[in-house]
Amino acid sequence: MRIATAKQTYLADEALFDTRTQHVWLALLAASLVLFPFFANAYWLYLACLVAINIASATGLNILTGYTGLVSLGQAAFMGLGAYTVAVMELHLGTPVLLNLLAGGIVAMLGGLLVGIPSLRVKGLYLAISTIAASFIAHFIFANWQFTGGTSGLQVPPARVLGMDLDTSFKIYWLIVPVTVLMVLGAANLFRTRIGRAFIAIRDRDISAEVLGIRLLRYKLLSFGLSSFYAGVAGGLWAYFFRVVTPESFPLIMSIFFLAAIIVGGMGSILGSILGAIFMTMVPEFLKLVVGWLPVGGDALRLISPVRTIVFGLLIVGFLIFEPHGLAEIWRRVRRFFHLWPFRT
Amino acid sequence: MDWLFLLEVSLAGLGSGGLYALAALVIVYKATRVVNIAIGEFLMLGAYVFYAFATGMAWPIWLAIVGAVVVSGALGAVVERLTIRPMLGESPISVFMITVGLASILVGAVELIWTADQRRLPEFMPRAPVMVGEAFVAPKVFYGFWVAVVLALLVLVVFRYWRGGVALRATASDQGAAYAMGINVPRVFSLAWVTAGAIAAVSGVIVGAIGGISSSMGVFGLSVLVVVIVGGLDSVAGALVGGIFIGLLEAWAGAYLGGEYKLLATFVVLVVVLMARPYGLFGTREIERL
Amino acid sequence: MKRIRIGSGLSRLLAPLGLAAALAAAPAAQAAEDLVLGGSIPLSGVFAFAGQGIHAGITDYVKIINDQGGIKGRKLRYVPEDTAYKVDASVAAFKKITSQNKVNFYYGDSTGFSKTINAELNRTGDILMTGASFATELNDPAKYPAQFMLGPDYTEMFGILLRYIAKEQPGAKVAFVYSDTEFGRDPIASSRAVAEKLGLKVATEIMTPPGSVDVSTEVIKLRRADPDFTIFHGYVLAPIPEFVGQGKRMGLKTRYMGTFWTMDNSTVMQMGEDAEGFMGVMPYRYYYDQAADAPMLKKIREMRPQYQSTGYMQGFLAAMLFSEVAKRTLDAGKDLTAANMKAALDGIKDFDTGGLIGVPITIKGNSIPVGRIYRADVKQKQMVPASDWIVLK
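Residue numbers (my numbering), protein chains in the order written: chain Z, 1 to 345; chain B, 1001 to 1290; chain G, 2001 to 2393.
These are calculated hints, taken from the structure and not from any lab test. Every residue gets a Cβ at the ideal spot worked out from N, C-alpha and C, and that includes glycine. Any given hint might turn out to be false.
[What the hints assert, rightly or not] Reference excerpt, derived from the structure (chain Z facing chain G, CB under 10 Å, subset only):
id, residue
1, Phe38
2, Ala42
3, Tyr43
4, Leu45
5, Leu50
6, Ala143
7, Gly150
8, Gly153
9, Pro157
10, Arg243
11, Val244
12, Thr246
13, Pro247
14, Arg302
15, Ser305
16, Thr309
If we strip away everything but chain Z, and leave its shape as in the complex, we get (with noise of 0.2 Å):
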């Protein structure tokens, strides 16, 4: 039971980690991270840079999403705006990498910007099917304009740090982990601030919240901003790390996926992302695992692709059906019950 929290600082009672049992979990985290890469082998370094990526893209979308409550189908379209910025600039400029990522996301963000512009007419569902609409805008754009090399999409030398190429999952893992654990630190800490509770309320009630005097056009827009810039990061991130930008690579799908991590993860819920993120990408690689153990031999190979897809689906329905804030609520049920213990309630 968790005893013993008691503050005396306002700056104490606010902080993100205020217990010594998270400050030691929390430490053995970052140990892990940091010595992971020693001991995985190459397969299992390429998961968790994927995983790093859609944790960092999914944290954005929860910002749009779960805690303002505008739901996004436009996710893919951003990061591929942060993945093609990054590509031309890394192609023409050969600027580094840092001012590579952050450029990706800003022009990821001015996009954000443009398609909330609609946000304070359209709602709900007809923003989201705007959101598509901005996806199916971008994809033509990148296949269309010869800058961005047309269908064939642009080849990305590998990122320069300190003058060594991130050419293996090894070495690029440095650049990504360190990135998204910032980013997710951020959004943690966005939403201690005054600008994360208006966002929280307009998801709530956004009539109520105008008339508390948050200025809904000028949040909305932030929070497509915000959301589209991580997307944006992560996008640049992607580029880097499969070094080819075609405008193939973020499909619609790609914004279902995320929308669907952040579903099962948990909406409106930092940790929701990460969970989301995580159990998204590797739910294939498990279904990979279990085909093989069965004794089915080679047709089975034709079989995981279809049930994945159906796998998926189920994933959707199954968690909003029974489990509608997700992951999180489950993590956080056997959490309480420790918590509690002996206790019930």
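Go by the hints and put chains B and G onto chain Z.
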């Protein structure tokens, strides 16, 4: 200005617009306030079931169509009972996401049973080219258009005059009051989904007859969604007008700008219409209350 | 009451992850002697019919080679993964297979994948790769030194068709109908140039959105252009039957042609009567070809009594060429690095494929620029040859 070309292209656009309108018939939204993004996948399933009956089991065409309609209607009822009913009272976004998940499940199921290969449906429509004056119209599109028009008119009439149709409209405008009036609201919901499934099956068969069937047929649903939004989510007339409008637009964009501009034009128009009339051309304005 | 400090933290997260990691990360025990052929194969998804064929073709040839004692006593092992024709799934499969095996040869399922993985291939330098793609861009030994393709590239295919047209009907009008994908757009610009050089007029270029259902507008455009020949590229089946069907009913006099992936017998025959006269270029013989100098085809027919697609032939040829390269490299006493293997591949001149291809082949650049024009004969339900074997310079 090649008028004949314009006419031919416009006729083709009208034809496909009719198809969109058919599929967009907003029964589901009208009664249950659910936007079903899986409509393309329902279409696909209807077409595949028809394929299974007509080719796999060698039933006569008319029987296969009836079979597809029945199966699709049953699927609509099952879906409604299992996934939509438990979500009554939840936010529309959640239900929307359920239909997204549903779309995935349907695609996976089709791929599992029939694989992702493209297939062709058996020919059952008259194949002689149809000439409107000097303009040529593809026969399948022509007959598909008339089927769509007939069905749409039927639906309009049903909504206005049949008791079930009135019940549907009543449930849509105020569930509580509908309950109070003794309307069996759950049954109305089921009816709405069953009918939507049945009509989707017919559209699926027509669309499949034109372009073949494959597990990625569902992308047709996106254009249907645009039609529904542009026309107004709860207006049948809006669906018809919207369908024809979008059909023409896509045909002109495809003919004069190039094939890659079709979807772009559709979505740009969507954004413009939403900015001007956020609830669609014919939709009713939602009044939010605190 | 005892104070219990059960983890409020991430032990619950790390434990199952750790367990899964331990279970799956153990690399498969393998004999250091085996030669490994890895594959990102589209066993499901839109390319599944081809993927199943490719998979069967590679498996069969690997069996044949191993039955003969392997390559210099070393067995060839085939390790496939399903990708559903998606690039990131292909990349993931590549990373998984290469982290669990010492891979010498790789088969990639798409143009996108071949381009993506190129940097990684060049970095590791010990894998020779081929794949399903015949993209013009890949036919560049300087940019893609560790890759090759199993036939002519798409522009070369167009070239073969255009030369045939120029001979049949000099100055004819041609139309290109292609899909809005990387696969589809690849050869169009260069083929336009080839057509103009041969004195043919490109009447129109029609691009269809991928997955489009209704092509009536495009058919109307085709009718306006009224070409003598129409070449399809970038499709497997749809929307070709619509074009051909509507075109014939409209009275269009154009003849229809296609490139490799539209030329499988089973997909063409799905067009029914409209398939009559459909032509195209294919570098391989068909399964049912009874040519006298085709012992491999006889063997394939013994192993597989039902029709095998063109994808099967491609997979079979891939495994055959990989085995030949391995043999030559090991014979020369060299290590199996990408550079050595590519050099051995370049040294292949007048190689007899056992009748899979009708003439002995030589690798030029990254491609095998050889092919034959076939025509659909609906009465026999077969694609029959309409020209001799053409070898491009």
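Hint check:
no.: 1; hint: Phe38; in the structure: violated, 13 Å
no.: 2; hint: Ala42; in the structure: holds, 4 Å
no.: 3; hint: Tyr43; in the structure: holds, 4 Å
no.: 4; hint: Leu45; in the structure: holds, 9 Å
no.: 5; hint: Leu50; in the structure: holds, 8 Å
no.: 6; hint: Ala143; in the structure: holds, 8 Å
no.: 7; hint: Gly150; in the structure: holds, 8 Å
no.: 8; hint: Gly153; in the structure: holds, 8 Å
no.: 9; hint: Pro157; in the structure: holds, 8 Å
no.: 10; hint: Arg243; in the structure: holds, 6 Å
no.: 11; hint: Val244; in the structure: holds, 4 Å
no.: 12; hint: Thr246; in the structure: holds, 6 Å
no.: 13; hint: Pro247; in the structure: holds, 9 Å
no.: 14; hint: Arg302; in the structure: holds, 5 Å
no.: 15; hint: Ser305; in the structure: holds, 4 Å
no.: 16; hint: Thr309; in the structure: holds, 9 Å
Hint 1 alone, counting from the list given before, is not met by this structure.
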